[in-house]
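Chemist: For this one, chain P is given, so just place chain A on it according to the hints.
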Amino acid sequence: MASEATQEATQDASRPDFARALRAAGFSGGIAFLLFLPLIAFLAAQNMRNELVLETRWPLFAVFVASAFFGRLIWELSPRERLKQQFAETLQSPIRLGTAAATLTIAMGALRIVARAGFGIESDVALALSYLFGTGAVVTAIGAAVAWVKSRYPATTESGRRRQSQIGVALRMVALGFLLAYPLVMFWFLGTQGSIKWIDNFGIQILIYVMLGWGLNIVVGLAGLLDLGYVAFYAVGAYSFALLAKNGLPFIAFASEYPFLTVDFYQLGPWAFWVLLPIAGVLASFWGILLGFPVLRLRGDYLAIVTLAFGEIIRLVLINWVDLTNGYAGISGVPRPTFFGIPFIEGEGGFAAYFGIPFNSIHRTIFLYYVILMLALLTAAMTIRLRRLPIGRAWEALREDEIACRALGINTVTTKLTAFAIGAMFGGFAGSFFAARQGFISPESFTFMESAVIVAIVVLGGMGSQIGVAIAAILMIGGTELMRELDVLKHIFGRDFDPTQYRMLLFGLGMVLIMIWKPRGLISTRSPSVFLKERKAVSGAHVREGHG
Amino acid sequence: MSSPLLRVEHLTMRFGGLVAINDLSFSAERGQITALIGPNGAGKTTVFNCITGFYKPTEGRIALQFGDAAAWGELEALTQQGGRSRERHGGSLFLLERMPDFEVVRKARVARTFQNIRLFPGMTVLENLLVAQHVPLMRASGWTVLGLFGFPIYAKAERAAIDKARQWLDRIGLTDRADDPAGDLPYGAQRELEIARAMCTDPVLLCLDEPAAGLNPSESAELARFLRTIRNEHATSILLIEHDMSVVMEISDHVVVLDHGVKIADGSPEAVRNDPKVIAAYLGVEDDEVATVEAEVGL
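Which chain is which? The protein sequence lines are P and A, in order.
Per the working numbering, the first sequence starts with residue 39, numbered consecutively.
Per the working numbering, the second sequence starts with residue 747, numbered consecutively.
So that you can see chain P by itself, here it is in the shape it has in the complex (with noise of 0.2 Å):
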C-alpha cells in the first residue's frame, strides 16, 4: 500500500490525491486501534482494597489512536517528493544551511532567556527546546561548512582533494584540541558544581563508551565476528584490576626466601595504576583467546549465541564465586588512581599542596578523564596502525571471504584469535579504567545490557568505521545524559517519570529508524587501508559485513 502511495506520489507530486490519503490513514488508525485497545486502553490495576481492577484509559488511548491517522494523514498529503528534493538542495547549500544553523542559535538563545526568567512548565519547555535547538544549530552548522568546503573545493579537482585532505587534518588537530582543552574550559566557566556533571557523566561516560565501541569494532567491524559478550572482557578487566589493587600482585622473588610474594598496591609506588592497567589488559585478552577457541567454527548467529552466553557465564562466576568476587555485594573500596604517586587527598602530600593550589575534589576528576581520553586515543592510533598492517587486513579479508583466505595462506585460526585478543585486550582497560574510576564494582555493572549498548554503537556508528563509532557513542551515552536534565517530560508524564528508564526503547526507536535510512550506520563508506594513486573511500555497498 506504502509503495503504490509512493508510486502516484512520483507521478503527481503536487496535486495529492485525499481519498488515497484517507483510506492509508484509516488503515494506520485501525492498525493503532487494534493495537493499542488491550495496551493502552486497559489496565489492570489494584484499588484500595488490594484487588485487580480494570481500569480504561480511553483518553490516552484516543490520543495514540488519532495521532496515528494524522500522523499517517499529513505523510500521506504533504509533498514527499517536493521535500525530500528541497533537502537535498539545502545539504548542497551552505548559505541556507548557515542560515539555518543561524536561526536555531538565536532561537536558542531567546529560548534560554525565556527559560531563565520564566518559572515552572513555561521555563521547562523553554529548556527543553532550547537543548532542540542547541543540537539542530550545532548539526546544521556543521552542515554549512561540509557544503561550503564541497562547493568551494570540489573533490573533481586535484587541488580540491589536497586542500579537502588539509581541511580535514586540521579539523582533526581542531578536535583533539577541543577534547584536550574541554575540562578545563568546563572548570573554568562553570566552577566545580556546574562542571562536574559535564566532565564526569558527559566527558568520562562518553569517552569509556567510545573506547569500548572502538575495541569492539576491532572484532566486529574489521574482523566482521559478531561478538555479543563484550562486556566479559570489561568485566574481566575491571574485576583483574580491582582484585589485584586490594589484594596485592603476586610476584614469585627468586632471590628472596620467600618464594611468593604478594606486592602491595601502594608498594607498587606512583606507578601502581599504570602496571595494573596492563596486567588486566593482558588477563582480559587471555579471556578473549579462551572464548575464541571454542567459537573458531562458529559463523553468524551461532557465534552470536555462543558469545552472549559467554558473557552470561563470566556475569554469573561473578555472581556465584563469593569467595573471590564477594558476589552481589561487589568489591568497595578499590584504591583509587593517584597523580602518580601523589594521592588526590585534602591536606599534606595530596595533589593539591603539592602543587601549591587550593584543594578541589574536581582534580582527580579532571585527571580521570584525562586518562581515558589517553586510552582512547590509544586504542584509535592502534587500530588505526593495525589496519595497516597484514593482520588489519588479514581481518577485513577474513570479513570479506574466510576462504579466500585460506586459499592465500593465511592461517585463519590466528587471526581470529588475535582479533579477540585485542578486542578484549581494550575492553580489559577500559574495564580496569572503569574500576578505578568507580572505586567500587558489582556484578550489575556487567549486565547484557551493557553488550547491547556497546553492540548498538558499533552498528549505528557504521562497521568498522572509527569516527562513525565516536558520533554514536557521543548520541546514545550523551543523549541518555540529556535526558536527565530535562524536566518538561516531567510536566507531561508525571513527578515520577524519569526519562532514562526509557533509554533502551530509544535505543530500539534510534536502530529503527538508522536501519531505515541508513541501513550500514551513520559512516558506511570504508577507507582503504593501502592506495596507489589516490585514496578513494569504497561505497558500503560493497563491504561485507561478515558471516563467521
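Everything labelled a hint here was simulated from the structure, so no lab data went into it.
Just so you know, not all the hints are guaranteed correct.
[As the list claims (entries may be wrong)] In silico DSS-like links for lysine-lysine, alpha-carbon gap of 27 Å or less:
#1 P:K122 with P:K188
#2 P:K284 with P:K574
#3 P:K571 with A:K853
#4 P:K571 with P:K122
#5 A:K853 with A:K902
#6 P:K556 with P:K188
#7 P:K188 with P:K574
#8 P:K574 with A:K902
#9 A:K910 with P:K571
#10 A:K910 with P:K574
#11 A:K853 with A:K910
#12 A:K802 with A:K853
[Said to hold, decoys possible] Per the computed footprint, the stretches of chain P lying under chain A, defined by three or more beta-carbons under 8 Å from a beta-carbon of chain A, are:
#13 417 to 425
#14 444 to 455
These figures come from a predicted structure and were not determined experimentally.
Backbone N, C-alpha and C fix where the C-beta goes; we use that ideal spot for every residue, glycine too.
Modeler: Below, chain A alone, put in the same frame as chain P:
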C-alpha cells in the same frame, strides 16, 4: 625416471556412501599446463580441494616437489615416517594430503582460484593483491610487533609488495582501477584479478578452477594468452579445470579426463580429443555404443 611437479597417487575421496573420486592417479609436469576435464559432477573440484588441503582425502597420496629433483627419492621414506615435508639437496618434497590448507600455500606454494570468484569485494584491487602477500609481509612486520612501532623494515617490505602488485596490475591492465573496490570490476576483470592475486603468493603450482567460465570468446582468448605467459615467464606450472574446450585444447600440454571420479583418459590434447571413451563420456553414450560413435566421428 621423469620428474613431475605433482604426483597424485591412488586418490580416493568418499563423502559417506558417495565416492567422489575413486583411485585416481595422475601427474602434472613441471613448466606445463595440465588440464583436468570431465562432465559435470565428475569430481574435478574435489580433486582441487584435496590438492589444496581444503579436503582431507580418504585414501591416497598427493606429493609435490620443487627444487632439486633428487628429493623425489625421499618419497617412500617420508611417507613411512609420517612426516609432511622434507628438504634435501636443495629440493623440497611435500605430502599435501597431510598439510592444512594455509600451509599448502605457504610452504608447498600451491595457489588456487575458485569456480565462483572469491575476491574481497569491499577491499580495493590493490588491497586484494596485498592480502595475497600476507605471509612475507607478516614476517617483515615482525608478526605485527615491529610494524606497530613503525620499524622501517616493514615500510620497505610494503613498498616492495605494492611494486609487485603494480606489476601484476600492469599485466592485466587494471592499474587505473587499483584504488577501486574489487566488487566494482566487471566480471572478466574479476577473473583475471583473482588469478593475479593467486600469482602474488609466488606459487610453483597454480590451480585454476574454471577460469574461463562466464567469459565471452574474446575474453577467453585473452585469458589463454595470459595463462601461457604465466607458464612461459614464471616458474609456475598450471593445473586447470575447464569446460571451455577451445581454451583447453589451445593451451594445455597434457589433459586428464575424469568421469564419475575415475580417470578415463590421460594424454596430449589431440590424443584425448579422439579418445572414444572421452567422447562417450561427454555425449553420454552406453559403453556398447562406443563403436557406433567411433564410426561416426571417423575413427
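Chemist: Indicate, hint by hint, whether the structure satisfies it.
Modeler: Now for the hints, and whether the structure bears them out:
1. Under the criterion of a C-alpha separation no larger than 27 Å, the hint pairing K122 of chain P with K188 of chain P is consistent with the structure, at around 20 Å.
2. Distance check on the hinted pair: K284 of chain P and K574 of chain P sit about 51 Å apart at the alpha-carbon level, beyond 27 Å; violated.
3. Restraint check for K571 of chain P and K853 of chain A: not satisfied, since their Cα atoms lie roughly 33 Å apart, outside the 27 Å limit.
4. With a C-alpha separation of about 36 Å, the suggested pairing of K571 of chain P with K122 of chain P is violated against the 27 Å cut-off.
5. At most 27 Å may separate the alpha-carbon atoms for a hinted pair to count; K853 of chain A and K902 of chain A meet this at roughly 23 Å.
6. For the proposed pair K556 of chain P and K188 of chain P, the alpha carbon gap of about 22 Å is at most 27 Å, so the pair holds.
7. Note on K188 of chain P and K574 of chain P: the hinted pairing holds, with a Cα-Cα distance of about 16 Å set against a maximum of 27 Å.
8. As the CA atoms of K574 of chain P and K902 of chain A are separated by approximately 23 Å, the hinted pair is consistent with the 27 Å bound.
9. Taken as a hint, the K910 of chain A and K571 of chain P pair is honoured in the structure, with Cα atoms around 15 Å apart against an allowance of 27 Å.
10. Pair hint K910 of chain A plus K574 of chain P holds up; C-alpha atoms about 21 Å apart against a cutoff of 27 Å.
11. Distance restraint check for K853 of chain A and K910 of chain A: the Cα-Cα separation of roughly 20 Å lies within the 27 Å cut-off, and the hinted pair is therefore satisfied.
12. Note on K802 of chain A and K853 of chain A: the hinted pairing holds, with a Cα-Cα distance of about 17 Å set against a maximum of 27 Å.
13. For the segment 417 to 425 of chain P, the proposed coverage by chain A is satisfied: 3 residues have a C-beta within less than 8 Å of a C-beta in that chain, meeting the threshold of three.
14. With 7 residues having a beta carbon nearer than 8 Å to a beta carbon of chain A, the segment 444 to 455 of chain P meets the requirement of three or more and the stated coverage holds.
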